[in-house]
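*Asks:* Sequence:
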Amino acid sequence: MRWPVPSRGLVADAAEALEEATATGSDLCGPLVAALGVSGAAVSTLGDPLGSETVCASDDRAARLDEIQLDLGEGPCWEARTSRRPVLERDLRGSDATSWPLAHHAMHETGLGAVFAFPLVVAGLSLGAVDLYSRTARDISDQEVTDATTLSRIVARQVLRRALLAAEGQQEENGSWESRYSRREVHQATGMVVAQMGIPPADALLVLRGNAFATGRSLREVAEDVVGRTLDFTPDR
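Position 194 of the sequence shown, counting from 1, maps to 194 under the UniProt record's numbering, and the rest follow consecutively.
Simulated from the structure, these hints should not be mistaken for lab results. Accuracy of the hints is not assured; some may be wrong.
Claimed, not checked - Here are the in silico distance ranges between beta carbons for each label pair:
{"no.": "1", "residue 1": "Thr215", "residue 2": "Asp236", "range": "14 to 24 angstroms"}
{"no.": "2", "residue 1": "Asp60", "residue 2": "Gln188", "range": "41 to 51 angstroms"}
{"no.": "3", "residue 1": "Ser141", "residue 2": "Ser26", "range": "38 to 48 angstroms"}
{"no.": "4", "residue 1": "Thr146", "residue 2": "Leu102", "range": "29 to 39 angstroms"}
{"no.": "5", "residue 1": "Thr215", "residue 2": "His187", "range": "33 to 43 angstroms"}
{"no.": "6", "residue 1": "Asp96", "residue 2": "Thr22", "range": "20 to 30 angstroms"}
Source: prediction; values computed, not measured. All residues carry an ideal CB built from backbone N, CA and C; glycine is no exception.
Start from the sequences and build out the full structure, keeping to the hints where you can.
*Replies:* Listed below in structure tokens is the structure:
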């Protein structure tokens, strides 16, 4: 079954809504469902550095399907995270999905028709996955894959931003969080990441903070490596 290609306006609206979803608890799943015409969506973090948990789900069914994968430690979301590529299961009932047989069986038992998983990656840091669910088997076009990938990149930045804000709050209580972003090295490194990745300064700073969080170092230490050219965020490098 082929569903209509998403409206460009709906995709643009979803991108705008996701960009504005900066507060903890802001909806990251609703815009995906609205833009991509799927039955449900879930966002989850998987493994290091953020741990494994459901960030959001569009409804109870999507939450349950995400829970199955987290409980079993396998499924399309895990495959997407590991491969850093979309996992497109167009007809769950008509396939064996041998790479995740336990999750396939459990998801099949719920009556799920199709599932499409997209990795959450920020500057080479794998955070988790977006899962899109359909109650019926359905195809997915190249344009839909492109749209879902684009929206997933925005979701990835928001997931990382929220995790860093939570960590900042905890570490500020312990007096251990480096929060003096006015230092010259940090500004210089931010500008270099802007040039390397072609992203806005706010996102470049997020990349630096994410690397510091993942490696257990201070922001200044990461910035010094970027300025010293021992750390480079140029894509595919």
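*Asks:* Each hint needs a verdict: does it hold in this structure or not?
*Replies:* Here is how each hint holds up against the structure:
| no. | hint | in the structure |
| --- | --- | --- |
| 1 | Thr215 with Asp236: 14 to 24 angstroms | 20 angstroms, holds |
| 2 | Asp60 with Gln188: 41 to 51 angstroms | 48 angstroms, holds |
| 3 | Ser141 with Ser26: 38 to 48 angstroms | 28 angstroms, violated |
| 4 | Thr146 with Leu102: 29 to 39 angstroms | 31 angstroms, holds |
| 5 | Thr215 with His187: 33 to 43 angstroms | 20 angstroms, violated |
| 6 | Asp96 with Thr22: 20 to 30 angstroms | 41 angstroms, violated |
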